[in-house]
Each structure stands twice: as C-alpha cells, then as structure tokens.
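Kindly produce the complete structure, drawing on both the sequences and the hints.
Under the numbering used here, the sequence shown has 403 at position 9, and the numbering climbs by one with no breaks.
Everything labelled a hint here was simulated from the structure, so no lab data went into it. Think of the CB as a built atom: it goes at the ideal place given N, C-alpha and C, for glycine as much as any other residue. Be a bit skeptical, because a hint or two may be false.
[Stated by the list, open to error] Label pairs and their computed distance ranges (CB to CB):
| no. | residue 1 | residue 2 | range |
| --- | --- | --- | --- |
| 1 | Asp502 | Ser419 | 16 to 22 Å |
| 2 | Tyr413 | Asn503 | 38 to 44 Å |
| 3 | Asp425 | Asn476 | 16 to 22 Å |
| 4 | Asn476 | Thr410 | 32 to 38 Å |
| 5 | Thr410 | Tyr460 | 14 to 20 Å |
| 6 | Gly487 | Asp467 | 17 to 23 Å |
| 7 | Pro465 | Asn412 | 15 to 21 Å |
| 8 | Arg448 | Gly501 | 25 to 31 Å |
| 9 | Phe471 | Lys439 | 14 to 20 Å |
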Amino acid sequence: KRIGYFPNALFSNMGTANYVGWAGSTVTPSDVSSPSMGSGHFPDKDFVHACYFRNIAYQYDESQKYYEPEPDDVQAFSSAPNCYGVEYYGDQGEEFGHALQFGGPGGDNCHL
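Pasting the structure below:
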C-alpha cells in the first residue's frame, strides 16, 4: 500500500531538519525471541521478497521540488545485522526510483 508523503504541517517542529530517515523497528523483552521484520526476508534486491521504500525523495525549500538522495550521502545501518538487514540500491529506474529494502527473520540473538 502506498503511504505517500509527510507534509511539513504534520511536523512543524521539524521544518528545518538536517537529516531525514526511513526505518523499521521491532521491540520485545530481552528474554523473548525477536520477531521477524517485514516479510521476514533479508534484502535481496527482489522487491517481491523484503519490505521496501521506493521513490525516495525529499523537499527542503519553498520550490516544492523533490530532490533525490545523493548516493554518497546515504548511510544504511542495522543494529542487529545477523537478524535484520538494510540495503540502499540507489536509482532503480522509473517504477522504483531511489529505493531501499529492509527486514529479516529476527531470532534469539538480536538484542543489543
């Protein structure tokens, strides 16, 4: 399902942000196995398998122009890479634009 965009009016205290981010999260007590994130698949560049964000863009001025991320400015990070992955793929063409995938199976050794 397409989510769309988040207008500045919803986040008036963040109208001058220096960074933007997209994330996934799971939370469980430390004595419980961590759940899968998304479909439970690690990123594999097949957008049928793992969760994804596509057509990633942002606005930062009054022109209402959308800007795509510069690949050198993108940082992909997973706090539990044996359980969850994230991959930024850059521009994937007209249908997906700038895209990333995230997710994974979770498991018993995911807690920090």
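Comparing the hints with the structure gives:
1. Asp502 x Ser419: 16 to 22 Å: 18 Å, holds
2. Tyr413 x Asn503: 38 to 44 Å: Check failed, 30 Å falls outside 38 to 44 Å.
3. Asp425 x Asn476: 16 to 22 Å: 18 Å, holds
4. Asn476 x Thr410: 32 to 38 Å: 37 Å, holds
5. Thr410 x Tyr460: 14 to 20 Å: 18 Å, holds
6. Gly487 x Asp467: 17 to 23 Å: 20 Å, holds
7. Pro465 x Asn412: 15 to 21 Å: 18 Å, holds
8. Arg448 x Gly501: 25 to 31 Å: 27 Å, holds
9. Phe471 x Lys439: 14 to 20 Å: 18 Å, holds
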